[in-house]
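Peer 1: Below, each chain spelled out in residue letters.
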Amino acid sequence: MGIINKTVIILLLVVTTDAAFSRPISWSGGSTIMYKTNSMYSSYYYHYSPLYKYSLGLEYINDRHFNDQYINLKTTYLLGRKNTKSSQANLYLTGGVSTKSKNNHFYGVHGDWETRRLFASFSVINKDTDVKDYTENELTFGVAPYLGEYNDLHTWVMVKAKKDTIKNNWETYPFMKFFKGDSLVEIGAKNSHWDIHYMLRF
Amino acid sequence: MYKILLSLIILSSNTVLAMDGMHNHDSHNHNKHQDMTYVDGSKTKITDEMFSSFSAGLSNTQIVIVDVQGMVCDFCARGIEKTFNDDKDVKKVDVSLDKGKVMIAYSMNKKVDLDEIKNIFLSNGQTATGIVIRKV
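First to last, the protein sequences are chains A and B.
Using the numbering used here, the first residue of the first sequence is number 1, and each one after it goes up by one.
Using the numbering used here, the first residue of the second sequence is number 1001, and each one after it goes up by one.
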């Protein structure tokens, strides 16, 4: 297998095991469906939260680049939460395995802090694959240009920075986040391709 | 190195981020009278306009006004409305992100369980810090 193909596989795993989706745990008894598509793959992710402290999920990946399909099993555990009058902070432990091979799994921590105006998050995820083990670091910042009330359309201007131990350089790209009611959409442009993420909670 | 960092973060999180809502309830009298302040009523005041707007058209109703911490995101607060609306005795729910308040209108035959209300907020990720019940 050529170095380019190996690199593409690794990059694909980086994006398909992205654990930094908005709020990886729902309310007790809540379910979440996500759809994500970009230039290389599409994914359908469902997770269920038996309690507000953890979620269990399955993610189906349709890899268009290699014409491959497989499933990721993910879990996220809430290590701690701090609520104040004007903010909420969360720290999560996350991990998962893939049906792609027994050697494909990941684990790490993800934290976020949010007010009605500002958002910041980080994640440090260690990923083991057939090809190479590596670590991915991610930072996200966001600002709401206006403060919407409950049931309004909410808009966030976001920027994400990623660095992994393979390429070892930060990659930064902007995206917009919109949500209203039970639906959330993130739209970004990465490497000249649209990156779209839809989420529904129920 | 990252595994060590990970372990440190996990261990420290248990002390730095104490789980909200897990405080000692012994100091409260949960069986107290429904017209009284539950935790800290001074935080639970709402404007007459808000209350009038919410209670318009309601009668024979007990309205629970909750002061909430951590309710900063509409998308993350959806479960509050859904969970309370699952209760057949709930007539109406209103969430105010700006005020950090939630108002729930219960029928009078509902025996309001204040611990249950606090737990509903906890299970949705927020913390109820003050609860007051008014009757209309």
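Check the hints yourself; a few may be wrong.
[Said to hold, decoys possible] Some chain A residues judged to face chain B by a derived CB distance under 8 Å, without partners named:
1) N83
2) D182
3) G188
4) K190
5) S192
[Stated by the list, open to error] Some chain B residues flagged as far from chain A (calculated, every beta-carbon gap over 10 Å):
6) N1060
7) Q1069
8) M1071
9) D1074
10) R1078
11) K1091
12) D1098
13) M1108
14) K1110
15) L1122
16) Q1126
By construction, these hints were calculated from the structure, which means they are not laboratory data.
Computed from a predicted model, the values in this text were never measured in an experiment.
Positions of the beta carbon are idealized from the N, C-alpha and C atoms, including for glycine.
Peer 1: None of the hints should be skipped; say for each whether it holds.
Peer 2: Structure-based check of each hint:
With its C-beta approaching chain B no nearer than about 3 Å, N83(A) sits inside the 8 Å limit, and its interface hint holds. Hint on D182(A) holds. Least Cβ distance to chain B is approximately 6 Å, under the 8 Å limit. Residue-level restraint check for G188(A) is violated (minimum Cβ-Cβ distance to chain B is 18 Å; threshold 8 Å). For K190(A), the interface hint is violated, the least distance from its beta-carbon to any beta-carbon of chain B being 23 Å, above 8 Å.
Checking S192(A) against chain B: minimum C-beta separation of about 29 Å lies over 8 Å; hint violated. Interface exclusion of N1060(B) from chain A stands, the closest Cβ pair being 26 Å apart, more than 10 Å. Listed as a non-interface residue, Q1069(B) fails to keep its Cβ farther than 10 Å from every Cβ of chain A; the least gap is roughly 4 Å. Non-interface call for M1071(B) relative to chain A: violated, since the shortest CB-CB distance, roughly 8 Å, does not exceed 10 Å.
Distance check for D1074(B) against chain A: the nearest CB is about 5 Å away, which does not clear 10 Å, and the non-interface claim fails. Listed as outside the interface, R1078(B) is inconsistent with that label: its C-beta sits roughly 6 Å from the nearest C-beta of chain A, within the 10 Å cut-off. Consistency note on K1091(B): stated as away from chain A, and its beta-carbon is indeed over 10 Å from all of that chain's, at 18 Å minimum. The Cβ of D1098(B) does not lie farther than 10 Å from every Cβ of chain A; its closest approach is about 6 Å, which violates its non-interface assignment.
With a least CB separation of 26 Å from chain A, M1108(B) remains clear of the 10 Å interface cut-off, as annotated. Listed as outside the interface, K1110(B) is consistent with that label: its C-beta sits roughly 21 Å from the nearest C-beta of chain A, beyond the 10 Å cut-off. L1122(B), annotated as away from the interface, has a beta carbon of chain A within 10 Å; the closest lies near 7 Å. Residue placement check: Q1126(B) does not keep its beta carbon more than 10 Å from all beta carbons of chain A (closest about 6 Å).
Hint compliance for this structure: hints 3, 4, 5, 7, 8, 9, 10, 12, 15, 16 are not met, and every other hint is.
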